[in-house]
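Using the hints, build the complex out of the two chains.
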Amino acid sequence: NAGVMQNPRHLVRRRGQEARLRCSPMKGHSHVYWYRQLPEEGLKFMVYLQKENIIDESGMPKERFSAEFPKEGPSILRIQQVVRGDSAAYFCASSPRGGTAQETQYFGPGTRLLVL
Amino acid sequence: AQKVTQAQTEISVVEKEDVTLDCVYETRDTTYYLFWYKQPPSGELVFLIRRNSFDEQNEISGRYSWNFQKSTSSFNFTITASQVVDSAVYFCALSPSNTGNQFYFGTGTSLTVIP
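Protein sequences, first through last, are from chains A and B. The working numbering numbers the first residue of the first sequence as 1 and each following residue consecutively. The working numbering numbers the first residue of the second sequence as 117 and each following residue consecutively.
Next comes chain B alone, as it looks inside the complex (with noise of 0.2 Å):
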């Protein structure tokens, strides 16, 4: 079975502070990718990363950086010092290789950053 979990539904912090956002996959594929993408309030999606499930190195872009752990089957996202515009609904997903089409995504965490 294909299966994406956000156990966090709402998340607020206060502007400034760093969060975290947990993803947990399911999959007996060996070979998968996952994603991040961010839906803004204006509500479309905005692809953050891709990783392939042979890389496990933690990869950090600005703010935003992304801890891959195939051990506890786990790809969560931290954003540092956050900001208001950092407010959305942001959703994990699995792309297992044999499905090559379509992603399974996780129900979402919504992230309010108080100013």
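One chain only, chain A, in its complex shape (with noise of 0.2 Å):
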């Protein structure tokens, strides 16, 4: 019963180094998006994938951040010279349709990022 699969659970980095948060969706879903938590609020949308594609990136920081959903392979979330307001949870969840309100998106466990 493979869930949505987030990789590394807890990262460490210090300022000026690079994040790279890897995620594998639920077998046979093809929709990712990404969610940041700060600590004491609720996660915020980061970005919406498809395969290939980057379909929705409005909650990204315009600096500094990035994603990908290649053809093979994990979707990846990479933060280039971290800082220290960088440091929250970032979680995955996917879903097997997309673009539409009604889809529940499963999420995984998330990746904790502390950058020092």
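Some hints here could point you the wrong way.
For the chain B half of the interface with chain A, some residues (derived, Cβ under 10 Å), not all of them [unchecked claim]: (1) V120; (2) N168; (3) C208; (4) S211; (5) N214; (6) Y220; (7) G224.
Simulated from the structure, these hints should not be mistaken for laboratory data. Note that the coordinates shown come from a computational prediction; the quantities given were computed from them, not determined experimentally. Virtual Cβ for every residue (Gly too), placed ideally from N, Cα, C.
Have a look at this one:
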């Protein structure tokens, strides 16, 4: 019963380094979403991808953040030159279909990023 | 504007008590979906329920029940006869039809069930 997989579960980086977060969607799901959860806050939408396409990146910071979902392999959320404010939990979700409000998104366990 | 408010930050109850978690939402869309997720200490988000804006029937699933009231823009979640395993953070989320892919989450309610 493979759900959404995320790795690493915990990641520590020093300021200026790069962070790469990986997400493998549930089997049969081709739509992936990334959310960020800052301390004491709810999850905030970042980006929505289908295979090889970014559909909606309205929640992504304009600089240093990028996401991809290649034809083969997991989706990657990449944060370049991390700063302390990037410390958060990053959640990935997937759905079998996308683009409609009714699709249930199934979430992974999250990656806790700590920037020293 | 799309917004979800979970005013209760933390709740503690003694085992076997009933507890209601409040969720109030704001949206101008006439079609939308509401969700509840559970985040146990292990950290993952577990899907609990989805409700569409045209279905105001209350739903019961075992010890869980949900009360959707459009008139007050609320989608409250009740756990009856709470158990220690119910201890978790519970999130309410809104999915409006005009933004078909992003959920708007509340800040969550941390529930502790004391044995």
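Verification of the hints:
no., hint, in the structure
1, V120, "holds, 7 Å"
2, N168, "holds, 7 Å"
3, C208, "holds, 9 Å"
4, S211, "holds, 4 Å"
5, N214, "holds, 8 Å"
6, Y220, "holds, 8 Å"
7, G224, "holds, 6 Å"
Of the hints listed earlier, there is not a single one the structure fails to meet.
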